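Visitor: In case you want the letters, here they are:
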Amino acid sequence: MVFLLYACCVPVDGARRSVICDLQRNRPYLIPKALFEILTVHADKSLPDIKAYYEHEVDETIDEYFHFLIENDLGFWTDEPYLYPPIAYDWESPSQITNAIVDMNEHSIHDFDWIAMELDKVGCAAIQLRSYSSLSLDELYSILRSFQNCRLRTIEILLKFSEGLELAALEEIVHTHQRVSSIYIHSSPYAEAHMASRTKIPIVWINTAISDHSFCGNVNPGRFASNIQMFTESMHYNNCLNRKISIDADGHIKNCPAFGKSFGKAGSTSLTEVICESDFRKWWSISKDSIDTCRDCEFRYICTDCRAITSNDSDMFSKPAKCKYNPYQATWIANSYSYEQ
Amino acid sequence: MYPLFQMILLLSERNCEESTNLVIDWISFFGADFQRINGEDLVSNGLVVNISGNGKAIFGTSNESGFKTSNIKSVWFRRWRIPPMLRHAVLLNSIEYDAYRYLVSEFNALSASFFAGISKRNWLNKPSDLTHNKIFVLTQASLVGLKIPETLICQTKVELRAFHRKHSGIISKSIGDTTFFRSENRTFSNYTVEITDKDIDSLEEHFYPSLFQSKIDKQYELRIFYLDGDFHAMAIFSQGDRQTEIDFRQYNTRRPNRCVPYNLPAQIKNLLTALMKRLDMNCGSIDLVRDKKGNYNFLEVNPVGQFSMVSYPCNYHLERKVAQYLIKQAHERK
Ligand code: SF4
Chain X
281 MVFLLYACCV PVDGARRSVI CDLQRNRPYL IPKALFEILT VHADKSLPDI KAYYEHEVDE
341 TIDEYFHFLI ENDLGFWTDE PYLYPPIAYD WESPSQITNA IVDMNEHSIH DFDWIAMELD
401 KVGCAAIQLR SYSSLSLDEL YSILRSFQNC RLRTIEILLK FSEGLELAAL EEIVHTHQRV
461 SSIYIHSSPY AEAHMASRTK IPIVWINTAI SDHSFCGNVN PGRFASNIQM FTESMHYNNC
521 LNRKISIDAD GHIKNCPAFG KSFGKAGSTS LTEVICESDF RKWWSISKDS IDTCRDCEFR
581 YICTDCRAIT SNDSDMFSKP AKCKYNPYQA TWIANSYSYE Q
Chain V
669 MYPLFQMILL LSERNCEEST NLVIDWISFF GADFQRINGE DLVSNGLVVN ISGNGKAIFG
729 TSNESGFKTS NIKSVWFRRW RIPPMLRHAV LLNSIEYDAY RYLVSEFNAL SASFFAGISK
789 RNWLNKPSDL THNKIFVLTQ ASLVGLKIPE TLICQTKVEL RAFHRKHSGI ISKSIGDTTF
849 FRSENRTFSN YTVEITDKDI DSLEEHFYPS LFQSKIDKQY ELRIFYLDGD FHAMAIFSQG
909 DRQTEIDFRQ YNTRRPNRCV PYNLPAQIKN LLTALMKRLD MNCGSIDLVR DKKGNYNFLE
969 VNPVGQFSMV SYPCNYHLER KVAQYLIKQA HERK
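Those protein sequences? They're chains X and V, same order as listed.
Note that the numbering used here has the first sequence beginning at 281, numbered continuously upward.
Note that the numbering used here has the second sequence beginning at 669, numbered continuously upward.
Here chain X stands alone, though its shape is the one from the complex:
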């Protein structure tokens, strides 16, 4: 009898410790490297054989390990391991562009009909609308109307606080436009979280003042996403920029609004052309395994990368600057986060 992790519970090794990513229940479980070794190198051994391999010096610890795994429902004992193949880790999407960001401020003059049409051509599935200045309800409705007939599945909205944006009005928006998947209001005098009735879409007010794209790129455990899409995409591609396209507040077409390089202006350069340029696509394949420090980090397949704000501007492969984690010591820099179970 051998112990098998459920195929959706995938162990990932780090420099100092390891993690089991529960891709079904969206939860990482920190584990010592010794357990990682047992689960990988000795996966085909029975419990007595594992104990014997370690010369019975750590029998109790080994029992504790398996108790922990069973307690958390991460795997099971079986005589037929061949019946349970691992998940294939390939990542695929029918969208040439899976997600887009459109930034807005008081100077923006976007033509949303054009944007919607162009995004539809590349099969875009999700869009994030981020406004750093106030938008009226009318403006918001008119933007959403532009997207009404395209294949988008989800629309995330980030807006600046203004008096007219009351809960009732925003609930009305998510009921009329069912693809709206969340509304966040920043720079708010109060913090409040709601779920729209029936649809359960989050409508949230936050205090944080956001004036431009530099708020993005944070790395912290609260933003880890342990699911199969994220995990498999991260193994092969850059999990932030892969198949992403952005239009910044000035209408420049970019990988990310926080990037300097513009590939043309929305309204005149077609997105279909931009996404064919190798200079545009070169970011897509920078997976966590090729990034400094991240490549040794146990969180690398569940942690959203950032290529805009990095520790070394002249190095495409340097670590995200806003990350406070040191995988070699397994510590979060003081004052940031503790993430122990």
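Since the hints were derived computationally from the structure, they do not count as laboratory data.
As the structure is a prediction and not an experimental result, all values here were calculated from the model.
Check before you lean on any hint, since a few could be wrong.
Label pairs and their in silico Cβ distance ranges [what the hints assert, rightly or not]:
1. X:A314 / V:Q887: 28 to 34 Å
2. X:G544 / V:R850: 49 to 55 Å
3. X:D530 / V:N683: 35 to 41 Å
Derived, one-sided and incomplete: chain V residues facing chain X with beta-carbon distance under 10 Å [to be verified]:
4. I695
5. A903
6. P929
7. N983
8. H985
9. R988
Ideal placement from N, C-alpha and C gives every residue a C-beta, glycine not left out.
For this one, chain X is given, so just place chain V with the ligand on it according to the hints.
Guide: This is chain V with the ligand only, laid out in the frame that chain X set:
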């Protein structure tokens, strides 16, 4: 008017059909041509059928969108249901109820003639797949050599008690399709339940004919997507979770059942292939239960099952496989 080659036709329904949407995404990704027609479109899209003397019924519409049924090279019969807009709050013994039944029978007749007008070749599932009943499928399954749970349909307490005594536990489920019961603000659906002594006590001597089966001492459930000879299996570990022990659909959201890819033994694949051939069905979602002794028990096959619930947790990309299958069929020269 519409010069089309190798068109793929998708027959589906308007709402809550993410599988159809995803398959369409893949079909467009591969650059193939398709048309989606929902059951609703027959009764709401200005449909016009011209039955003239030339032996043909032409399906068209009064607006420009049209039904382009002439260049169809492959068909996916995904779903086809009574359009919800026909449903009104009707009372039994009312003229509205009779009117509703009439509308439904008109819809069915219209659908049948619509299907008849589409080329017979290259259908992935077909309307008649929906008409198989559980009992027929169970008998066919046992004929090909699959193990099935002992099954009884009865309507008296006495017979039910005798059946219950014979087995260590029994369950009940619908003889036909499961359905929805809608009240003002809630929707109910029927699902598989365990029947205890107490349940039997509370029954009248005579009851409406109902289906009972011996309860299987379950190791795990298997949900298998069968696509023309290919098997994509998933094991669902629901034992140990009281809420989902009897019916996987009673979903536990806090601690969802473990769903993992599964290697179906070759022998079971052969039996299932034989069954699908017998049922003349080229696609379907098959439910098996593996018992504690290791036996595979056949429960049912659903031609229009939710295969996305197998595809996503196992990372099988079934929507892409369906799209590729339809495209391949469309390009086949016969
Ligand atoms: S080191 Fe890299 S992968 Fe690890 S937490 Fe920081 S940014 Fe994420």
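Visitor: Now tell me if each hint is right for this structure.
Guide: To see whether the hints hold, each was checked on the structure:
| no. | hint | in the structure |
| --- | --- | --- |
| 1 | X:A314 / V:Q887: 28 to 34 Å | holds (31 Å) |
| 2 | X:G544 / V:R850: 49 to 55 Å | holds (52 Å) |
| 3 | X:D530 / V:N683: 35 to 41 Å | holds (40 Å) |
| 4 | I695 | holds (8 Å) |
| 5 | A903 | holds (7 Å) |
| 6 | P929 | holds (5 Å) |
| 7 | N983 | holds (5 Å) |
| 8 | H985 | holds (6 Å) |
| 9 | R988 | holds (6 Å) |
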